[in-house]
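Q: Listed below are the residues making up each chain.
There are 2 protein chains.
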Amino acid sequence: MNQKRIKPQTLKGFRDYLPSVMLARESLMDVARDVFRSFGYAPIDTPALEYSEILLGKGGEESDKQLFRFNDQGNRDVAMRFDLTVPFARFASQYAQQLGTPFKRYHIGTVWRAEKPQKGRYREFVQCDFDTIGTDANSADIETLFAIHDLIEKIGFSDFTIRVNNRLILNGLLESLDLQDKTALVLRSLDKLFKIGRERVVEELVRSVGTSEGQATAILDLVSVKGSSMEILEKLDARLSGSEQGQLGVQRLRELFECCKAAGIPHERVALDVSIARGLDYYTGTVYETFLNDLPSIGSVCSGGRYDDLTGLFTAQPLPGVGASLGLDRLLAAMEELGMVTAGESPASVLVTVLDQNRIADYLRIGRTLRTSGFAVEVYTDSRAIKKQLAYANRKKFRVAIIAGDEEFGAGNWQVKDLLGGEQTAVAESDLPKVLGEMLAAEV
Amino acid sequence: MNQKRIKPQTLKGFRDYLPSVMLARESLMDVARDVFRSFGYAPIDTPALEYSEILLGKGGEESDKQLFRFNDQGNRDVAMRFDLTVPFARFASQYAQQLGTPFKRYHIGTVWRAEKPQKGRYREFVQCDFDTIGTDANSADIETLFAIHDLIEKIGFSDFTIRVNNRLILNGLLESLDLQDKTALVLRSLDKLFKIGRERVVEELVRSVGTSEGQATAILDLVSVKGSSMEILEKLDARLSGSEQGQLGVQRLRELFECCKAAGIPHERVALDVSIARGLDYYTGTVYETFLNDLPSIGSVCSGGRYDDLTGLFTAQPLPGVGASLGLDRLLAAMEELGMVTAGESPASVLVTVLDQNRIADYLRIGRTLRTSGFAVEVYTDSRAIKKQLAYANRKKFRVAIIAGDEEFGAGNWQVKDLLGGEQTAVAESDLPKVLGEMLAAEV
Chain A
1 MNQKRIKPQT LKGFRDYLPS VMLARESLMD VARDVFRSFG YAPIDTPALE YSEILLGKGG
61 EESDKQLFRF NDQGNRDVAM RFDLTVPFAR FASQYAQQLG TPFKRYHIGT VWRAEKPQKG
121 RYREFVQCDF DTIGTDANSA DIETLFAIHD LIEKIGFSDF TIRVNNRLIL NGLLESLDLQ
181 DKTALVLRSL DKLFKIGRER VVEELVRSVG TSEGQATAIL DLVSVKGSSM EILEKLDARL
241 SGSEQGQLGV QRLRELFECC KAAGIPHERV ALDVSIARGL DYYTGTVYET FLNDLPSIGS
301 VCSGGRYDDL TGLFTAQPLP GVGASLGLDR LLAAMEELGM VTAGESPASV LVTVLDQNRI
361 ADYLRIGRTL RTSGFAVEVY TDSRAIKKQL AYANRKKFRV AIIAGDEEFG AGNWQVKDLL
421 GGEQTAVAES DLPKVLGEML AAEV
Chain B
445 MNQKRIKPQT LKGFRDYLPS VMLARESLMD VARDVFRSFG YAPIDTPALE YSEILLGKGG
505 EESDKQLFRF NDQGNRDVAM RFDLTVPFAR FASQYAQQLG TPFKRYHIGT VWRAEKPQKG
565 RYREFVQCDF DTIGTDANSA DIETLFAIHD LIEKIGFSDF TIRVNNRLIL NGLLESLDLQ
625 DKTALVLRSL DKLFKIGRER VVEELVRSVG TSEGQATAIL DLVSVKGSSM EILEKLDARL
685 SGSEQGQLGV QRLRELFECC KAAGIPHERV ALDVSIARGL DYYTGTVYET FLNDLPSIGS
745 VCSGGRYDDL TGLFTAQPLP GVGASLGLDR LLAAMEELGM VTAGESPASV LVTVLDQNRI
805 ADYLRIGRTL RTSGFAVEVY TDSRAIKKQL AYANRKKFRV AIIAGDEEFG AGNWQVKDLL
865 GGEQTAVAES DLPKVLGEML AAEV
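Residue numbers (the working numbering), protein chains in the order written: chain A, 1 to 444; chain B, 445 to 888.
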């Protein structure tokens with residue numbers, strides 16, 4: 001029909017998700033949703049397209065270049081969302097009255113950035129944010145930490161560290177050094193400590209930010225305090241005794257560590273790290289970063305913090321909040337690298353093979369029977385040789401194939417083939433759910 | 445900070461999803477995913493943006509006007525996908541070799557159409573498609589029907605009818621009436637039968653399509669044959685004895701009904717309806733529509749069919765297939781209308797109230813303990829009056845609130861307040877999981 005064919009291809013910087021990766025992604029998102037819900041975070045969604053004015057309000061120049069922006073049919077200046085934070089600010093401003101506060105939400109959604117594509121970086125990706133807004137309470141900060149902990153643990157990691165800090169401590173220090181006007185610049189330099197090391201940060205502070213050598217050293221000394229989290233807090237308490245902000249920061253972190261202990265969060269998984277600043281200007285209190293100790297080089301997989309004013313662009317109602325964002329694709333990449341992704345290409349574990357096209361009703365019936373017993377079952381469709389059907393089952397990593405021809409139908413049996421071990425045994429049809437249940441339960 | 449405020453609003457034709465609706469949507473999508481996976485359909489995803497050429501290849505003029513289309517930063521002519529079928533055709537052409545056939549996929553994804561917004565119709569909505577491609581086998585058609593059945597049943601409906609037909613029967617009839625050249629036009633008229641009635645369809649066939657009065661009557665007589673599905677098939681068999689196509693259609697439908705019976709699909713849920721044509725040109729075999737008998741007026745909530753040539757635009761490899769699409773938002777609207785959506789605004793069922801800010805560690809600890817036992821638990825954040833906290837719990841439809849002050853902490857107890865009945869009882873902390881488990885299990 002169509003003689004002129006179009007080359008099937010995706011746009012530069014975009015990608016398709018094939019079943020094996022998509023199965024792993026969906027199971028990550030399922031875990032995330034379960035954890036969010038278990039804390040009472042409720043789901044919301046917002047449109048992919050917004051007025052450009054709304055998306056640009058805050059980000060300024062850099063976001064502008066990254067925006068997929070155009071005029072729609074009604075000649076409106078519109079753009080695709082580049083994160084979930086700005087749409088949430090718009091959303092919160094619009095519905096805070098109706099929904100009441102505190103308000104806890106999660107949002108798993110796709111965002112688009114016209115960035116230069118790089119290895120592992122795409123122009124379309126999923127963000128996974130959760131926040132509690134309309135409260136200053138430290139318990140919200142602590143529950144955020146608990147949620148980060150449960151997320152990473154339930155996803156399957158045990159050796160990870162959530163590094164926490166409080167911006168108020170850094171503010172207190174800068175205040176005591178008379179550097180409060182340069183907070184943003186200092187924090188941006190500090191953020192590079194992990195990457196470029198102490199010496200180069202000092203250099204940058206002196207040369208670019210304009211601190212004295214002594215101020216730079218004092219900053220680096222403070223953020224490098226060593227010891228247990230509680231020991232560090234003691235030292236900070238003394239160091240910042242003159243600063244109201246610094247004291248409040250110390251007090252809130254102390255409460256956080258006490259609550260972690262009371263609630264039984266393994267103490268090695270939460271560490272105070274005074275060097276953690278999080279470059280973004282809007283954080284004002286607790287900040288979080290999460291590192292996988294088997295793969296620290298990929299950076300933080302879940303980050304966030306407390307902010308005072310998410311919605312100032314849209315409303316006069318003050319809506320302070322605290323939240324974090326799970327780096328879904330970064331985490332997935334880490335899991336692939338660590339061999340934690342073992343999904344095949346099919347979500348089903350049992351394949352019903354087809355030997356005799358005249359018995360289609362029997363093959364389809366057993367498929368339905370097993371599904372009713374809770375198994376995920378695919379019935380093979382075509383009349384190919386059984387070898388080809390088993391090759392299909394192996395390639396897609398089915399766990400079991402069941403087979404029946406005249407002989408089995410006569411005896412009321414099914415041949416059950418273990419696709420891992422290769423053994424094959426005859427099982428009475430009425431015993432199938434039990435036998436399959438045992439075989440599949442034996443899977444880790 | 446920002447004195448000039450921006451009005452928080454969504455674009456015309458777009459909407460936000462607030463928690464109560466979003467919870468219902470997510471649970472619908474969860475059910476859909478579970479059912480798809482139980483049949484071995486595997487998830488995929490494709491980009492929101494594609495080359496316009498790829499999306500426009502097939503749809504022509506009408507789709508063009510509906511497209512959100514623009515030039516990106518690299519001056520590529522791009523557009524947002526308006527359905528999941530065209531991207532799947534592109535996807536299948538690109539990966540069929542790599543993935544092998546048969547290939548079963550589902551795709552739950554957002555699509556965008558710049559249509560005139562109407563009540564209940566938005567410019568952004570979610571589609572939920574599943575297909576088996578690379579096979580002609582009738583068992584794939586029958587499994588598609590089984591999947592539609594399980595979807596609607598698991599979502600919570602029991603009184604529904606899946607109406608099936610086969611295009612080959614209509615083709616056979618038109619062939620026998622020498623109308624094969626007018627197939628598309630005749631089918632488009634037939635599609636309106638439910639809406640405008642027999643007389644007006646006959647009128648349209650004669651006036652607009654150009655059939656004779658006799659031909660029009662013969663068509664309407666055939667599509668209105670009454671009786672059980674098997675009786676209708678007998679009559680069709682006789683009527684279409686001279687048509688190879690018609691015979692094949694009858695044979696495939698007969699096998700479908702036999703398999704439904706063998707597999708125990710309730711017979712009243714599947715009905716042959718020869719008038720079902722599905723306007724879309726690309727269907728060539730079995731077609732499906734699904735009606736809720738309590739709300740037939742909303743139209744089909746799950747429709748689809750068999751097609752010969754999904755991918756002709758992109759590849760010479762023939763990829764016949766069969767699939768259907770669940771009308772997620774239409775179904776959600778139906779469920780709201782039928783009072784089946786009862787979700788509150790929180791996914792958690794237990795609220796830990798806070799009487800004493802000095803005991804934050806205890807409130808957070810019990811939250812974590814109960815979560816570990818499998819409960820979804822929110823810990824209230826602020827130090828408001830207990831009345832306000834309970835009002836919050838009731839508004840968000842929590843099921844239980846637990847309360848403790850000095851007295852309870854002294855005795856190792858929690859007050860458990862049933863928010864439905866209002867009763868309040870003291871429960872030892874160690875008994876909490878058991879007591880809450882019983883209270884929440886008593887929920888339907």
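In short, the hints are calculated from the structure, not lab data. Worth double-checking, as some hints may not be accurate.
[Unchecked claim] According to the in silico footprint, chain A covers these stretches of chain B (three or more CB under 8 Å from chain A):
{"no.": "1", "segment": "549-559"}
{"no.": "2", "segment": "825-836"}
[To be verified] Chain B is faced by these chain A residues, among others (derived, beta-carbon under 8 Å):
{"no.": "3", "residue": "L23"}
{"no.": "4", "residue": "G74"}
{"no.": "5", "residue": "Y282"}
[Unchecked claim] Below, computed lysine-lysine pairings styled on DSBU-like, alpha-carbon distance capped at 30 Å:
{"no.": "6", "chain 1": "B", "residue 1": "K705", "chain 2": "A", "residue 2": "K434"}
{"no.": "7", "chain 1": "A", "residue 1": "K417", "chain 2": "A", "residue 2": "K434"}
{"no.": "8", "chain 1": "A", "residue 1": "K4", "chain 2": "B", "residue 2": "K626"}
Using N, Cα and C, we set each Cβ at its ideal position, and we do this for glycine too.
Q: Each hint: holds or not?
A: These are the hints, each one checked on the structure:
1. 549-559: holds (count 4)
2. 825-836: holds (count 4)
3. L23: 6 Å, holds
4. G74: This interface hint holds because 7 Å falls under the 8 Å limit.
5. Y282: For Y282 (chain A), the interface hint is violated, since the closest Cβ of chain B sits about 10 Å away, which is over 8 Å.
6. B:K705 x A:K434: Answer holds: K705 (chain B) to K434 (chain A) is near 25 Å, not above 30 Å.
7. A:K417 x A:K434: 15 Å, holds
8. A:K4 x B:K626: 25 Å, holds
Going through the hint list in order, the structure does not satisfy hint 5, though it satisfies all others.
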